[in-house]
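Undergrad: Please build the complex by placing chain S on the supplied structure of chain G, with the hints as guidance.
There are 2 protein chains.
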Amino acid sequence: MNVTIINIGDELLIGQVVNTNASTMSRLLTAAGMEVRKTMVVGDIYKDIWDAVDEAMRESDAVLVTGGLGPTKDDITKKLLSEYFGSELIENNMALENVERIFKSRGYEVTPVNRAQALVPKCCEVLNNDLGTAPCMWFSHKGRVLVSLPGVPFEMEWLMRNRVIPKLQETFNTDIILTKNILVQGIGESFLSDLIEPWELSLPKNVKLAYLPVAGLTKLRLTARLPHNFPLSTFHFPLEGLYSLAGKYIVGEDCETLDELVHKTLVERGLTLATAESCTGGNIARLLTAQAGASSYFKGGVVAYSNEVKESALGVKHETLIDYGAVSEETVREMAEGVRNRLGADLTIATTGIAGPDGGTAEKPVGTVWIAVSSATKTEAKLLQFGANRRQQNIDRSTNQAFAMLIRLICQKD
Amino acid sequence: MNVTIINIGDELLIGQVVNTNASTMSRLLTAAGMEVRKTMVVGDIYKDIWDAVDEAMRESDAVLVTGGLGPTKDDITKKLLSEYFGSELIENNMALENVERIFKSRGYEVTPVNRAQALVPKCCEVLNNDLGTAPCMWFSHKGRVLVSLPGVPFEMEWLMRNRVIPKLQETFNTDIILTKNILVQGIGESFLSDLIEPWELSLPKNVKLAYLPVAGLTKLRLTARLPHNFPLSTFHFPLEGLYSLAGKYIVGEDCETLDELVHKTLVERGLTLATAESCTGGNIARLLTAQAGASSYFKGGVVAYSNEVKESALGVKHETLIDYGAVSEETVREMAEGVRNRLGADLTIATTGIAGPDGGTAEKPVGTVWIAVSSATKTEAKLLQFGANRRQQNIDRSTNQAFAMLIRLICQKD
Numbered sequence: 401m402n403v404t405i406i407n408i409g410d411e412l413l414i415g416q417v418v419n420t421n422a423s424t425m426s427r428l429l430t431a432a433g434m435e436v437r438k439t440m441v442v443g444d445i446y447k448d449i450w451d452a453v454d455e456a457m458r459e460s461d462a463v464l465v466t467g468g469l470g471p472t473k474d475d476i477t478k479k480l481l482s483e484y485f486g487s488e489l490i491e492n493n494m495a496l497e498n499v500e501r502i503f504k505s506r507g508y509e510v511t512p513v514n515r516a517q518a519l520v521p522k523c524c525e526v527l528n529n530d531l532g533t534a535p536c537m538w539f540s541h542k543g544r545v546l547v548s549l550p551g552v553p554f555e556m557e558w559l560m561r562n563r564v565i566p567k568l569q570e571t572f573n574t575d576i577i578l579t580k581n582i583l584v585q586g587i588g589e590s591f592l593s594d595l596i597e598p599w600e601l602s603l604p605k606n607v608k609l610a611y612l613p614v615a616g617l618t619k620l621r622l623t624a625r626l627p628h629n630f631p632l633s634t635f636h637f638p639l640e641g642l643y644s645l646a647g648k649y650i651v652g653e654d655c656e657t658l659d660e661l662v663h664k665t666l667v668e669r670g671l672t673l674a675t676a677e678s679c680t681g682g683n684i685a686r687l688l689t690a691q692a693g694a695s696s697y698f699k700g701g702v703v704a705y706s707n708e709v710k711e712s713a714l715g716v717k718h719e720t721l722i723d724y725g726a727v728s729e730e731t732v733r734e735m736a737e738g739v740r741n742r743l744g745a746d747l748t749i750a751t752t753g754i755a756g757p758d759g760g761t762a763e764k765p766v767g768t769v770w771i772a773v774s775s776a777t778k779t780e781a782k783l784l785q786f787g788a789n790r791r792q793q794n795i796d797r798s799t800n801q802a803f804a805m806l807i808r809l810i811c812q813k814d
Numbered sequence: 401m402n403v404t405i406i407n408i409g410d411e412l413l414i415g416q417v418v419n420t421n422a423s424t425m426s427r428l429l430t431a432a433g434m435e436v437r438k439t440m441v442v443g444d445i446y447k448d449i450w451d452a453v454d455e456a457m458r459e460s461d462a463v464l465v466t467g468g469l470g471p472t473k474d475d476i477t478k479k480l481l482s483e484y485f486g487s488e489l490i491e492n493n494m495a496l497e498n499v500e501r502i503f504k505s506r507g508y509e510v511t512p513v514n515r516a517q518a519l520v521p522k523c524c525e526v527l528n529n530d531l532g533t534a535p536c537m538w539f540s541h542k543g544r545v546l547v548s549l550p551g552v553p554f555e556m557e558w559l560m561r562n563r564v565i566p567k568l569q570e571t572f573n574t575d576i577i578l579t580k581n582i583l584v585q586g587i588g589e590s591f592l593s594d595l596i597e598p599w600e601l602s603l604p605k606n607v608k609l610a611y612l613p614v615a616g617l618t619k620l621r622l623t624a625r626l627p628h629n630f631p632l633s634t635f636h637f638p639l640e641g642l643y644s645l646a647g648k649y650i651v652g653e654d655c656e657t658l659d660e661l662v663h664k665t666l667v668e669r670g671l672t673l674a675t676a677e678s679c680t681g682g683n684i685a686r687l688l689t690a691q692a693g694a695s696s697y698f699k700g701g702v703v704a705y706s707n708e709v710k711e712s713a714l715g716v717k718h719e720t721l722i723d724y725g726a727v728s729e730e731t732v733r734e735m736a737e738g739v740r741n742r743l744g745a746d747l748t749i750a751t752t753g754i755a756g757p758d759g760g761t762a763e764k765p766v767g768t769v770w771i772a773v774s775s776a777t778k779t780e781a782k783l784l785q786f787g788a789n790r791r792q793q794n795i796d797r798s799t800n801q802a803f804a805m806l807i808r809l810i811c812q813k814d
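Order-wise, the sequence lines are chains G and S.
Just add 400 to the spot in the first sequence (first one is 1) and you have this note's numbering.
Just add 400 to the spot in the second sequence (first one is 1) and you have this note's numbering.
It should be emphasised that the hints constitute simulated quantities derived from the structure, not laboratory data.
Where hints are given, some of them may not hold.
No copy labels: a pair is met if it fits in one copy or bridges any two.
Quick list of in silico lysine to any residue cross-link-like pairs, SDA-like style, CA-CA up to 25 Å [said to hold, decoys possible]:
| # | residue 1 | residue 2 |
| --- | --- | --- |
| 1 | Lys504 | Ala762 |
| 2 | Lys664 | Asp796 |
| 3 | Lys608 | Gln416 |
| 4 | Lys717 | Gly744 |
| 5 | Lys605 | Gly443 |
| 6 | Lys605 | Gln416 |
| 7 | Lys648 | Leu428 |
| 8 | Lys447 | Met457 |
| 9 | Lys447 | Asp461 |
The shape of chain G in the complex, shown without the other chains:
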């Protein structure tokens, strides 16, 4: 069963907006066992949309279209689809009630322009859009399906998860897809691949493995494909072989990112955290505080960018900075211990390094980073050497390294 995606919008063709809709839809469809054959972006031009729809309907089992559903006059998808399927626009009761419900909840009257959002081609089935006024429309045509969705990302994603994918699965009797993420850190992708090859070769044919490396972390994603009537409780991913070969590099399961894993771990264990960041410049704090509920464990942090702040706000000794420099094991340890004393948390993270592109020396080139993690009983520090020309990448890799070291400290793992 294969799918073509068509995203409509001039803003995509001028590069004003990154087309995250295509990747979100592709990811959700792939995770649900469907194959995306092609994606296209066209502008708000009748002929271009028509040609794209016509081509896709000849080549794919299902065609998903986003955009062109607003109440303004340059939004032409509904008229075009009505004509393409030889239908006519009529007012749909469910769609109108939805528009009225949403306007009422915001305290507005429904204007004629907004009422027009309830007009849909007679031949389609409306799938209710709980989050917005633009309708989601399902067309069945000669054994194929076309679905038109609004282009607003959060409405589109909600509709995909709650309306479109379940109905596509039912219509096409697709396989069940199960996935499992395993976060691996401290080993390069190619070494990891060699190390776990015996396990990979032993995987059953319906389980696939993908490597997703990002900023010093490798996410292993296992995907199992099962018949649509398979009894799910009897299925388990075969992970024993992976753990016996590479257990020391595995920092967590079932998370997409290390900041999510740290968040989950600290909440579960009731431990508090404070941070002392120099080269990561607040990136560690903002990744944790971007997650709802961070206040239950995150006390705060110091972004100690200058040496004065390392001294005044963290209590790093002046002599340490003079004798060993700001980027040194001695300094990073005093930062980690200092922030615990000052901010009073169970655990701390400290980073100091030269993110680049300037500031390097022969002895400490750009990309030299010291990271420490500390508890009341133990402080671990580590030297890292990253590349010279990638400031943001150095920040991201330092951040992931710090998160992984913290997880290892909490779980008493080296």
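TA: Showing chain S alone in chain G's frame:
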């Protein structure tokens, strides 16, 4: 002169990678005065690539293709293009020297697999890829052009800017496009549009205006289209009318973002900054420190997430927190002044608020945010009320509001 973009790669169709190449290319082409008609993504499948290339070559003046150029066997673009244009693969001297140069600089020997990267269709012109081993290939065919680029984003972008766009401009004698950004803050998009309508209507026909709103900021982008031989020194964007109508809302020109504007302003004026962040959780610090050279003005910051840290690290009075609460004008002022005293900077920013989704009360609902900026002589505080259900959006809007207030304080503008 119009362009179709084809991005090749299975990783795009499964949604593992967001297709930023399409938006980067679209943005650069649009900025250079070319029209992107359509973009397509296809997988590493011979027939699908062939059909996409064939369709695009019939419809567009220029076709840009990314991906499928690596040395591994699933990368098939070169073979396909050679066949499509009726040519044959030969070793290209310039491409081989480029591979050898790059391997030498990394201290590796060129293996036969890598040497194969210098094979290109005989009929193409190689545009040198200074940043990587995959060649960029330019095909002329019946008055149309196809360019094949590597899919690695930074190589692609460098080639677009330095090789492909200049050559397209020369080949098609395209117009010159000049752009100017104006950052506007403190007024909603629709009010701004009404306010500056007289100026907008007076713009010459070759100057277009676009509104790019993001997180409480509106970027106005002016684009002028001039004939390719126009004497550039005689052209000026007509901004007087805009400033006389909306000058009080304009915070800067010629930057893409407010963090870039703050960075530039502080470097130019030789002023130092420190931050005290609660609800923004380090986001302000990390946006500034993400820019090379931030150490010349950024002393550091405190992420004061808990009340204890607001007291211990910033010196906010215990009674203030008890009497007025953490989210209050009194607290945010003490945070801004406290971080200046503790960290010793010319200017400070402080934020405190309820980012959500939890933590709101009837009196202070989710989205209530206080922001202060402070110099040695003046502290300004402002209350903002954002929406309830968007944690990240509240963080981003608070961040932009803080940056705009800082710019106004520096420039003595209300």
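Undergrad: Provide an ascending list of the numbers of those earlier hints which the structure does not satisfy.
TA: Violated hint (a single one): 7; every other hint is consistent with the structure.
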